[in-house]
Each structure stands twice: as structure tokens, then as C-alpha cells.
Amino acid sequence: MGYTITEKILAKASGKKEISSGDNIWLNVDVLLTHDVCGPPTIEIWKKEFGESAKIWDINKVVIIPDHYIYTKNVQAKRNLELLNKFANEYNLTNFYPPFTEKYKGVCHITLAEEGLNIPGKVLFGTDSHTCTSGAFGMFSTGVGNTDAAFIMGTGKIWERVPESIKFIFENVLPEYLTAKDLILQVLNDITTDGATYKAMEFCGDTISVMNMEERMTLTNMAIEAGAINGIIEADEITLQYLKGKTNKNFEIFKSDSDAKYLKEYKYNSQIIEPRVAKPHSPDNGDTARNLTNQKITKSYIGSCTGGKITDFINAAKILIGKKVCVDTFIIPATKQVENGLQEKRIGGKTLKEIFIESGCFLAPPSCAACLGGPEDTTGRSIDGDIVISTTNRNFPGRMGSKKAEVYLASPLTVAASAINGRITDPRDFL
Amino acid sequence: MQQKIISRAFVLGDNIDTDQIIPAEYLVFSLTKKEEARLYGKYALTGIPVQESGLPKGNIPFIEEDKYVTLFDIVVAGKNFGCGSSREHAPFALKMAGVQAIVAESYARIFYRNSIDGGFIIPIESKIKLNDKIETGDLIEIDLVNMRINNICKTTNYGLKDLGVVKPIIEAGGIFNYAKKNKMI
Ligand code: SF4
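Just so you know, the sequences run in chain order A and B. Its first residue numbered 1, the first sequence is counted upward by one per residue in my numbering. Its first residue numbered 432, the second sequence is counted upward by one per residue in my numbering.
Quick caveat, the hints were computed from the structure, so don't treat them as lab data. Predicted model only: the values in this text are computed from it and were never measured. Among the hints, a few may not be true.
If you anchor each label on the Cβ, the simulated ranges turn out as follows [what the hints assert, rightly or not]:
(1) A:GLU252 / B:GLN434: 44 to 50 Å
(2) A:PRO280 / B:LYS611: 55 to 61 Å
(3) B:GLN482 / A:ASN269: 37 to 43 Å
(4) B:GLY590 / A:ASN172: 29 to 35 Å
(5) A:GLU252 / B:LYS598: 34 to 40 Å
Cβ atoms here follow ideal geometry from the backbone N, Cα and C, with glycine treated the same way.
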């Protein structure tokens, strides 16, 4: 009987030869991630439980990436940033990326990738539900709360239930009007927001094997939207290319055995999927962009760990070049590196930044910004009955700010096309 | 762990996500400074659209204005309770509001873990859908020994799923107490 990639990584991390799904096992953690919202309470719990002389199990394995509430005047948000500064100084943390300094990066999940902290075969826990994003690198990565994170910080260990895996196979080349976002929205539509609760979602097939790392991260990022414990993609040549020069750590690449057991398998022909949209107020409330053509919008938003990477902005710029948006359109790069990329990457002789400015978009510095609403003064936050189309990952009531607002989720291509027309638009109309 | 919990039920629908349990704008408050921490109770479940707050009728505030604690110590919900973000503030907010247990058809993983490992509230799975059989305001008894839920108002009762492998952690009152008890830390 073979094993899945997730089972193999968990077996290794638990020091066990054989494990099976449903087992509760204790794991040795390789990396612990936290940010400005959950970092301070995690540290408080850790101090309370381990005492004032508490020791971090391994300072090289704790990564703190403030990203959620950065460009705000909110007093408590500022206090959280100060607490993290103090903590990082006190313990000499090297993996700390403080805002308003040279070291600041932006959204944690993309920063992990850029900094070479996502490593195949390793185990990453983070105090953020989208920690599953890192699974794109063939590692086990998942979100936990502050108490679990505090426990890991003191011991380097945590319990986990070994999940069954569901396999998603995508075949054929992706047409130019589709992105990874369309694929994952299709999956969510089909399996619903609890379709993979406590399961591992494994993505494979020849569509995936030619996908770049950013697009792969869009898939694994939204595994949590189906309730999955983790999303995972086998590391391959593309992964190794991405990692080149980013890490000097040794690692092992795990692959699922051909006779590994899956709870279910879904097969998609990537050529016949349509540009997808998730309607309010749930990522599984799916439809095609075509069917929603009459739906007016008041705002559009391109950003976040899901839709704020350079590939996402290249896609948006392809549509926006030489066109004007007719609703407020926000461009929020996930990280500094992406922000720099906006000035380096060109389409038709123009930088992406020039394209966005000429088409009338607002650009803001990297952070989570309005992806999760945030304090009142957050850029791009939805107001009153706004109808937003967004490249982010969640559209529960109030997620982007106003409880009365409606949020549609779509690919950067669809969001850009919709911003031009002021109503939901299939990107094929502009390609 | 107590053997019985008796209180009025507050009934909710499916897919109650963490933004509805505690909207993101409140996450800046300290969880340990008393004055701020009690605000989590005040704002618990304020992200629920009013028409779905307290089913089947809706429009029932979970907490009365100017109050920090609810009259409903038991929340009854449908499937996928606690989906969304990893914020431990969610079970914490419910605890601060006075909630002791939740009975739902199913839970999202992180919320479930957080409730147990933080020792905040007991997340119990019902054997069948109950949020269409119990009404907000019904007096409910949860029997944690026999794993039954009794609706005292309607004299009906239903089975609950066993707490399973996490029971020792719930009994210890959270992962730290559990680890200390077992000399792991
Ligand atoms: S960008 Fe949005 S989804 Fe991603 S980590 Fe930030 S708040 Fe979470």
C-alpha cells in the first residue's frame, strides 16, 4: 500500500515508519510563522505558560512577518507592531521583517516564498489560515491559532490528525483567458466550502506541471476555502528553479506513490473551464463571468496573497493596457518585490505601473490592506453597499469592510475586464 | 470538565465564518488587558447578518446593547462552523461572551482546534442537523456523560458524537494543561 506526499511528510516529521489517516500524531515543526495580528497574543500565551525565562525552541525557525494592519493610524494596530519589534530585538530574531524599514516585505505567505523559507518536504505551521499557500512547494503547511503557535514556540512540537487526501487532476494547457484562480474557484463550486474539511487537497496533472510557482500558490492558497488542512503540489524542476539561490538548506522531495490511497479523485479538462466568479457571500457560490454580465460593480480590487503577485498584475495589465477603468480600482502588490516588479515588467514598452496609472487605478504600498477589511482608514476598504469585484480569496459578509457590501471573487483578468466596463465581464471580451 | 451544561440556545445557520463570529476590525484589542478583552464578548457574533441572528426568527441580538455577556451559553449551528481565518479570537470572543459549548453538525479544523487547545469552549458535533429542530431561546441541557442534548422546552432529545481523541485535552482544559499533566513540558 502506497502513501501520499502528505502522509510521507507527516510520517517523517513524526518519526514514525507507518501512519494512517485519522491518526493523531505529534510532529516536529520546521518553521513557525506569525504576523502582527496573531504574533502578540501568541507571545503572551508563550510567556504565560513557559514563564518569564521562556526559551524559544529554535530562533532560526520562528518567522515573524507583519503584514495585516500596516498603513493605518489605528493605535492598537501600532501597538502590535511595537510589541513585535521589542520581542524580535530581545530575542535577536533574524527572520523578522518590520514595517517602515528596509527589511519590510509585505504579505507573509508570499514573503515566505520570496525569502526561500518554503522548502520541499518540510513542515510549516502558521497563525494564519492561508499558511496552506506554502504547500505549492511540496511541503506540509497549515494554519493554527495562538495557543498552538505558543506551544510550538516553546517545544517545536504539535499534534495533528493525519488527513485523507483528495486528488485534483487538471489536464491540458490553460487557455490565455484562464488562470489558477479560475481553476480553484471551479473546484470550490464543485466541492463547497466544507468539501475538504480536515482533508489534504493534492493538485496535479499536466496543467499544473507547466504552471509557475505563483500560480501554484494561488491553488494551494484557497485550499482552506474548502476547509482543507493543507493543499499540496509535488516539487519538480519548476520548484527547484524557483528555489535556486534562495536557500542552501538540504531537503528531500516527496512524491505520492502510484498506489497511494485517495478519498476521491476529481479530473478536470482545463480547456473547457470558463472564467469563474464566486458570488456573495461565499467562495463556493460559483458562476461563470458570462452569466453575470449584467451585474454592476462599484469597486475593483487587485491584491492579497491570492491575487497580488507579479503574475496576477501581468494578467491584469494585459487587459488594462490602453483602457480606462470606470470604477475605483485598487492595485495592492503583496510584497515589496512585487511592487518593484511593477516598475520592471513591461508590456508593449510600458511598465505595469505606467499601465495601471494611465488606466486610472490607485496604487498602494504592499500589505494585506482591504483583503480583510481592516481598520476604517484602510485603503480600498468597502463602504456601505459597495459591490466589489476582487482577486482575494474570501467574500463572507463584512470580509472587505462593510457588512452591507457584496464581494465577487474572480481572476485578475476578470477583475480588470470588469473594472473597464463597470460590470462583471468575461476577460475574453478584451483578449 | 462539567457533566452537564444547561442554558438557553442561540441558533445559527451553516458556514458561520470567523468574520461573523468576531469581525476583523476588532482584532486589534488585547486579549489579556481586562478592559479590552471584555470587548470581545461585547462584539461576539456581531458579524452575523441581522436576519440570520437567532434562528428561526432572526433579528435577535446575541448580546443586548451595553452588555458584555450573553444570555445564551449554548450555540447551536449547522455545518462548517468557524470556517475562515485562523483567529483564536473567535472562540475567545465566544468564551468572553459566556458561551460554554457549541453544538454544530461540523466544524472547520482551525476553529475546532483553537476551541480545544485554548480550553475556551467545548465544540460538540451533533449526529444530525439540529439547527432546524431547536429554536433560539429554547432551554437546552447538554449531557456530556451520555452525549445527549435535551430540549427541555420541547421535551425532545438527540444524540451527540463522542468527543473522541481530543477528549483528554478538553478534560485537561487545553493543550498546555494536557502537556503538563503528561509531563511533556
Ligand atoms: S492578503 Fe488577505 S488572505 Fe492573505 S494573509 Fe493577508 S489578510 Fe490573509
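Now the hints, each set against the structure:
The supplied range of 44 to 50 Å is met by A:GLU252 and B:GLN434, whose beta-carbon atoms lie about 48 Å from each other. One distance hint, 55 to 61 Å for the beta-carbon pair A:PRO280 and B:LYS611, is violated here, with the actual separation near 45 Å. With their beta carbons about 40 Å apart, B:GLN482 and A:ASN269 fall inside the hinted range of 37 to 43 Å. At roughly 48 Å, the beta-carbon separation of B:GLY590 and A:ASN172 lies outside the given 29 to 35 Å, and the hint is violated.
Taken as a hint, the range 34 to 40 Å holds for the pair A:GLU252 and B:LYS598, whose Cβ atoms sit roughly 35 Å apart.
When each numbered hint is compared with the structure, violations occur for hints 2 and 4.
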